[in-house]
Amino acid sequence: MLQWLANWASRHAPTPEKHAERALNELRMALFQAEQRVLDAQMHAAYYRSRITFCEQVLQSGIEQVSDQRKDPIDAARAVPPSPALKVAAAAPRS
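Going by our numbering, the sequence shown runs without a break in its numbering and finishes at 95.
Mixed in with the good hints there might be a few duds.
Label-pair distances were calculated between CB atoms; the ranges are [stated by the list, open to error]:
(1) Ala-34 x Asp-72: 34 to 40 Å
(2) Arg-51 x Glu-17: 48 to 54 Å
(3) Ala-45 x Ala-6: 37 to 43 Å
(4) Tyr-48 x Leu-27: 28 to 34 Å
(5) Tyr-48 x Trp-8: 54 to 60 Å
(6) Gln-3 x Ala-23: 28 to 34 Å
Hints in this document: simulated from the structure, not taken from any laboratory. Note that beta-carbon positions come from the ideal geometry of N, C-alpha and C, so glycine has one too.
Turn these sequences into a full structure, and let the hints guide you.
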């Protein structure tokens with residue numbers, strides 16, 4: 001029984017490799033969650049950017065002009081300024 005227990009403990013002992021594997025999985029999940037938060041923040045920023053653009057246009061030319069412009073989807077798409085690009089970190093190769 002003691003031999004079995006010793007063998008089991010040696011097979012399941014926390015080695016640096018096992019710690020690194022567990023940490024790698026946790027870090028990948030943390031990176032994924034951080035990237036999701038960045039994407040959410042960019043989406044919110046684009047929303048408020050378009051609202052600000054709309055309100056500025058209404059102040060400059062009046063609601064009738066802005067309403068007519070927004071009916072034409074091609075011109076409306078050009079009116080919204082582009083958002084900054086997201087750079088996604090490259091995943092390390094798995095071995």
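Next on the checklist: For a quick check of understanding: which of the numbered hints are violated here, in increasing order?
Outcome noted: Going through the list in order, the structure violates hint 3 alone and respects the others.
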